[in-house]
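Colleague: Using the sequences and the hints given, assemble the complete structure.
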Amino acid sequence: MAVVHDPEHAETRVIHELIDFSGTDVLEVGCGDGRLTRRYAARTRSVLALDPDAAAIEQARASLPEQLRHTVSFQVADITSLELPPAAFDVVVCSYSL
Amino acid sequence: MNALRRISAALRPCGLLLNLLPDITHRAVEVSVGGAILRLGHLDDTRDIRDFHVTLAAQQAAMDARLFVLERETRFTFVDHFDTVESWVTDVAEHEQGVIIQASLVARAHELLPPGAAGEVRISRQFYAARLWRP
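Heads up: the protein sequence lines correspond to chains A and P, in order.
All residue numbers for the first sequence refer to our numbering, where the first residue is 14 and numbers rise by one.
All residue numbers for the second sequence refer to our numbering, where the first residue is 350 and numbers rise by one.
One or more of the hints may lead you astray.
Claimed, not checked - Covered stretches of chain P, as calculated for chain A (at least 3 residues, CB under 8 Å):
| no. | region |
| --- | --- |
| 1 | 352-366 |
| 2 | 425-433 |
| 3 | 476-484 |
Since the hints were made in silico from the structure, they are not lab data.
Positions of the beta carbon are idealized from the N, C-alpha and C atoms, including for glycine.
Modeller: See below:
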């Protein structure tokens, strides 16, 4: 079985047109298995990616390229109950999660 | 709205919110075979469409509360490519419980893309993307 998500890179193109991720601290809400995270994280200074689904977070961690492991942190969490540091992020990415 | 308040508080002044969600259209089911793309029908994405309206209402409420200012909106097409009809049906069963694919759609897909045939099933969806700014 083989599925390829967005080989046309339409989503990647749009998110980079809308946001300059260079050197930013990013919070991603609803990261799932990290598919979207991997499409922008290389340009950031840091990424905290959240999802309430523990299995998805486990998959996200396993799928993260080695070169991003010092940049990206995945956490099992729900945005409505997590205490976040105030004014800590330059960008918040909400991926089908609000 | 609670989530948007938390997000606003977590952002630095002039920080940006990128909001991505499926648009108010049902996904198109297509088969690509012999260089041609044939549209077979649609999946029932009523739930996602309902969620879109709820999310946009929350976004507007956050803007009305001056938590965010909308800077730009756009839409794009996201396509999932499956090498066989079976891989598509299996993917839906594994990841989208509750989504029912019409038997006629699957049958037609099998006619156009029998096992071993060169081609693919394409599931095409419109997405909405918004860039908002935190004052």
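Colleague: Against the structure shown, which of the earlier numbered hints fail to hold, in ascending order?
Modeller: none
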